[in-house]
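Line order of the protein sequences matches chains F and L. Going by the numbering used here, the first sequence opens with residue 744, and the numbers climb by one from there. Going by the numbering used here, the second sequence opens with residue 321, and the numbers climb by one from there.
Just so you know, the hints here were simulated from the structure itself, not pulled from any lab data. One should not assume that every hint holds.
[Said to hold, decoys possible] Pair by pair, the computed Cβ-Cβ distance ranges are: (1) F/Ala824 to L/Tyr364: 33 to 41 Å; (2) L/Gly332 to F/Thr806: 24 to 32 Å; (3) L/Val447 to F/Ser749: 13 to 21 Å; (4) L/Asp368 to F/Gln833: 24 to 32 Å; (5) F/Pro836 to L/Ala329: 41 to 49 Å; (6) L/Gln427 to F/Tyr865: 51 to 59 Å; (7) F/Tyr761 to L/Tyr364: 37 to 45 Å; (8) L/Ile338 to F/Val835: 33 to 41 Å; (9) F/Val822 to L/Ile328: 44 to 52 Å; (10) F/Gly825 to L/Gly332: 36 to 44 Å.
[As the list claims (entries may be wrong)] With the C-beta cut set under 10 Å, the calculated list includes, among others, these residues of chain F facing chain L: (11) Gly779; (12) Gln782; (13) Ile786; (14) Pro804; (15) Ile805; (16) Ala808; (17) Val820; (18) Ile821; (19) Pro836; (20) Ala837; (21) Ile860; (22) Val862; (23) Tyr865; (24) Ala866.
All residues carry an ideal CB built from backbone N, CA and C; glycine is no exception.
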Amino acid sequence: MTEERSIVSVVTGLLYPYVVLFGIYIIINGHHTPGGGFQGGAILAALFIGRYIVDPTNDLPITRAHLIEKAIFAAIVIVPAGFILTVAAQRVPALHEPYLVAMNLLIGVKVAIGLTIVVFRYAFYEE
Amino acid sequence: MIEVILLIALLGLSILAIEGRIMRVSIIYLGTLSLLMSFLYLFYNAPDVAIAEAVMASGLTTLLFLTALKRYRVYRICFTNEAFRRVNDRYIFEGTRRGALLHEIEQFCIARELEPQVVCTPESLDVVAGTGRYDLIIRQEGEELRVYGSRENYFVDELEVLLILRYHDLNVRFIRSGDETDGDSIAEAEGEAS
């Protein structure tokens with residue numbers, strides 16, 4: 744760590760766990776409080792981008808992140824289809840809340856990975 | 321009342337962000353603007369939008385702008401003087417000849433839409449050049465100033481003309497190196513110059 748960034752790195756290090764918790768809280772509670780998958784995912788992405796500001800090394804597995812993001816996108820298409828098209832949605836009201844939480848989680852992870860990839864692509868590969 | 325204060329603050333911050341000359345400060349003004357905007361959304365009973373605004377505009381966009389600024393158009397200047405064990409900010413930035421010189425160079429950068437970033441250090445030239453992170457290195461030895469810059473950067477030529485025109489009696493010498501200001505090329509240029 745270079746000397747000139749030590750203030751930023753210390754503050755970011757202190758905030759790190761709270762930012763993670765806050766992002767996960769917003770995602771999990773998104774269905775009955777303000778927030779949701781997109782906002783929580785953006786908070787989680789801000790974590791990685793802040794890490795880039797502190798220590799600009801390209802050691803995130805970007806290619807694997809691409810794969811995960813595509814898999815989650817497929818899940819985002821498949822899960823609602825499976826939920827709505829089957830009869831379970833109408834017959835079992837108890838499933839509604841877990842469904843919303845699961846969708847928020849999927850969208851949150853996708854947004855976090857997507858924004859991180861966008862910024863890292865821009866930072867390291869775009870000339 | 322709160323609404324009016326927030327709106328006026330937004331107006332002031334946006335004017336400051338547009339009129340600011342140093343880009344890094346403008347980015348911080350923009351971040352503050354987005355934060356106040358998210359307060360305003362909260363005031364209008366739109367907490368969802370407020371969270372999105374606070375996260376996206378105030379957090380991510382500021383970070384993205386800072387990242388972009390870090391990659392482009394930042395001109396890193398290093399002022400080194402081995403005679404001082406400790407670098408004193410007052411000595412560098414106030415009143416003295418060298419302070420005026422650094423200020424002049426900063427203004428020169430701003431006029432060319434570059435973002436000046438001045439670092440002052442008592443480290444030796446080898447240490448500074450070894451990091452390979454500075455676009456321009458100014459080294460003071462007694463009364464003599466030596467400016468090390470890249471040969472391929474026409475900016476250095478313009479700066480040389482400016483300094484010679486403005487400061488007739490300044491004992492300044494320009495030394496050019498290859499495209500990178502790393503230790504080898506500076507040593508090489510030093511050999512050529514002497």
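Among all the numbered hints in the text so far, which are the ones the structure does not match? 2, 6, 7, 8, 10, 14, 15, 16, 17, 18, 19, 20, 21
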